[in-house]
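Visitor: If you read the sequences in order, they're chains A and B. Letter 18 of the first sequence, counting from 1, is numbered 18 in our numbering, and no numbers are missing. Counting from 1 along the second sequence, just add 1000 to a position and that's the residue number in our numbering.
I should point out that these hints are in silico values taken from the structure, not numbers from a laboratory. Here the structure is a predicted model, which is why all the values come from computation and not from measurement. The C-beta atom is built at its ideal place from N, Cα and C for all residues, glycine as well. Any given hint could turn out to be false.
[What the hints assert, rightly or not] Ranges between beta-carbon positions, derived for each pair: (1) B:Lys1035 to A:Gln55: 53 to 61 Å; (2) B:Ser1282 to A:Ile67: 47 to 55 Å; (3) B:Asp1146 to A:Ile67: 43 to 51 Å; (4) B:Asp1146 to A:Val63: 45 to 53 Å; (5) B:Ser1093 to A:Ala29: 24 to 32 Å; (6) B:Asn1400 to A:Arg78: 29 to 37 Å.
[Unchecked claim] Residues on chain B that point at chain A, a partial pick, calculated with CB under 7 Å: (7) Glu1151; (8) Leu1155; (9) Gly1159; (10) Glu1178; (11) Val1387; (12) Gly1388; (13) Arg1389; (14) Gly1407; (15) Val1408; (16) Ile1409; (17) Leu1412; (18) Glu1413; (19) Leu1415; (20) Ile1417; (21) Lys1427; (22) Ala1428.
Each chain, letter by letter, is given below.
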Amino acid sequence: MEQLTPETLIAVFEEIFGRTLFWGMVVVAAVVTAAYIFVLIRDRSMSMRKFLLAQLSMPFGAVAAVIFVMAMTDSNLRDIGGPVDLIVLLGIAAIGAVGAAILVYTAQSLFRGQRDL
Amino acid sequence: MTGLEKQSPSRRTFLGLAAGGLTAVFAAQPATAAKIQTKARIVIIGAGAAGTSLVNRLVTRLDGAAITIIDPSAEHLYQPGLSLVAAGLKPASYTRSRTTDWLPQGITLVTEAAAAVDPVAKAVTTSGGQSLGYDFLILAPGLVLDHDAIEGFSLDLVGSSGIGALYAGPQYAAKTWEAASKFCESGGVGVFTRPATEMKCAGAPLKHTFLIEDIATRVAGAGKHEMHYAANNEALFGVPIVSEKVRMLFESRGIAAHYSHVLKSIDPGRKRAVFQTPTGDSEIGYDYLHVIPPQRAPEFVRQSGLSWADKWTDQGWVEVDMKTLRHLRYPDIFALGDVAGVPKGKTAASVKWQVPVVEDRLIAAIEGREGSAVYDGYTSCPLITRVGRAMLIEFDYHNNLTPSFPGVIAPLEELWISWLMKEVALKATYNAMLRGKA
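All chains, full assembly: derive it from the sequences and hints.
Guide: Here is the structure:
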């Protein structure tokens, strides 16, 4: 590979997930992030109770992200062949975990409101 | 302000950082140089990976040039995808798009084949009888599969009677999978071949062998298949260190290697294949046979006196300088891709590295100076060894490995990330290359 431009990177993701699914996921991620920032600004503090539940969702997010990527790329856990594979796998799991935590935290804040801060 | 205060993030600094990051991303786009004014007539034969990529780059560099691209095919093929189609991992449509989808505005497309080149009068004659004069000519017509060279073989056989031939195009790659999947389920003897000529992607015969062995073992279980790979010479791959690695993998996977076995003829009725070997003909029975025919330059290249006279005489590749890809006898002719008479380099990855060299040399020639870009034989082969694993092998003219990600993606290690590159990242990169952007 000679050059890796943002344009190529986007094309790679479109190829992995299909154009509709990829941009759908981008929109969902943007909406959830915006909602998360919104509740943080609105509440002016993190709720530790909501954060606890969010943390509990992290392993599920991690596993779901790995299963999703494996399914989309005709792969299996047995294909992990070297350190770099493990790093990529852990990276995907980490993204899934953080994503799930943000999603759960935001959902609680939006739907339960500020009462149980 | 203390250092501590500086570090504490506020909403404003956060937004500022985000905006700064976005600006940096857009600022990173390469600046466009001023276009070169010219009236040069440039003819490109072939709108495949090489011709399309070059024409898209030329239109951003030149102003006023009359660029003509000649290609009879309405369909553009993503050929690196054929080995995935032939293993049932992608549909035939995965490799297909329309030629015109990739071509820029402001050029002329002639949908005819090139019939002859007169390098002295500087004109190309098309199959429809048009004569196109040129100042510079780029030969990128690809190559021809010589199926007739294998006695008893015809493309009608592909998909039935246990015969596959994935090089012949998307529909045949899909039919190859029909034959291969039957073999995977029912078991038996699988025989995988490669021709003795130069060929497109010398890794593909190996990929097909590895993939079918892997799928067969998963589908029917171990021990039901006998796998044979017939190499054309005493090596399994042109680069010695890779050949040795493949030998080890074959051994561990139970794939028998037969050296210096070149497929000569087949008897589809009896399911026997005859190989030419240094000690005479040898016959092997098969339940599944993968045929890759000898490959040659198109007839018009050979008839127009553009080929090497003392090398590859049965194949006719264009006589070019291996570093500049410029014709050794006619300096206004360049060759790109499969047809170029250089060692190695009949892959899309080679094209990606060859195109900027020809672009540089061509533009320099238009400006009346010498270019400086050099092609050193780089090519890349994501050598799939299983569904889900590959080795990202990159090398040059000197048989040196030239890894893009040294220390991160090991070239001789079977990795999932290399598979991801082949299965998902490659087509996106290829498409970017076609548009002249990578």
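Visitor: Are the hints correct? Go through all of them and say.
Guide: These are the hints, each one checked on the structure:
The hint said 53 to 61 Å for the Cβ distance between Lys1035 of chain B and Gln55 of chain A, and at roughly 57 Å that hint holds. Distance hint check for Ser1282 of chain B and Ile67 of chain A: the Cβ-Cβ separation is about 48 Å, which falls inside the suggested range of 47 to 55 Å. Asp1146 of chain B and Ile67 of chain A have their C-beta atoms about 47 Å apart, which keeps the hinted 43 to 51 Å range intact. Here the CB-CB span from Asp1146 of chain B to Val63 of chain A is close to 52 Å, well matched to the stated 45 to 53 Å.
Range check, Ser1093 of chain B to Ala29 of chain A: Cβ separation about 29 Å, and the 24 to 32 Å hint holds. The hint said 29 to 37 Å for the Cβ distance between Asn1400 of chain B and Arg78 of chain A, and at roughly 32 Å that hint holds. This hint is violated: Glu1151 of chain B has a C-beta 37 Å from the nearest C-beta of chain A, more than the 7 Å allowed. At its closest, the beta carbon of Leu1155 of chain B sits 28 Å from a beta carbon of chain A; the interface hint therefore is violated under the 7 Å criterion.
Hint on Gly1159 of chain B is violated. Least Cβ distance to chain A is approximately 23 Å, over the 7 Å limit. Evaluation of the Glu1178 of chain B hint against chain A yields a violated restraint, the C-beta minimum of about 19 Å exceeding 7 Å. With its C-beta approaching chain A no nearer than about 6 Å, Val1387 of chain B sits inside the 7 Å limit, and its interface hint holds. Given hint, Gly1388 of chain B at the interface with chain A, holds; its Cβ is 3 Å from that chain's nearest Cβ, closer than 7 Å.
Residue-level restraint check for Arg1389 of chain B holds (minimum Cβ-Cβ distance to chain A is 5 Å; threshold 7 Å). Residue-level restraint check for Gly1407 of chain B is violated (minimum Cβ-Cβ distance to chain A is 9 Å; threshold 7 Å). Interface restraint check: Val1408 of chain B against chain A, minimum CB-CB distance 5 Å, threshold 7 Å, status holds. Interface hint at Ile1409 of chain B: satisfied, since its Cβ lies 6 Å from the closest Cβ of chain A, which is below the 7 Å cut-off.
Hint on Leu1412 of chain B is violated. Least Cβ distance to chain A is approximately 11 Å, over the 7 Å limit. Hint status for Glu1413 of chain B: holds, given a least beta-carbon distance of 5 Å to chain A, under 7 Å. Because the beta carbon of Leu1415 of chain B sits about 5 Å from the nearest beta carbon in chain A, less than 7 Å, this interface hint is met. Here the hint on Ile1417 of chain B is kept, as its CB sits about 5 Å from the closest CB of chain A, short of 7 Å.
Proximity of Lys1427 of chain B to chain A holds as hinted, the smallest CB-CB distance being about 5 Å (cut-off 7 Å). The interface hint given for Ala1428 of chain B holds, since its Cβ lies 4 Å from the closest Cβ of chain A, which is under the 7 Å cut-off.
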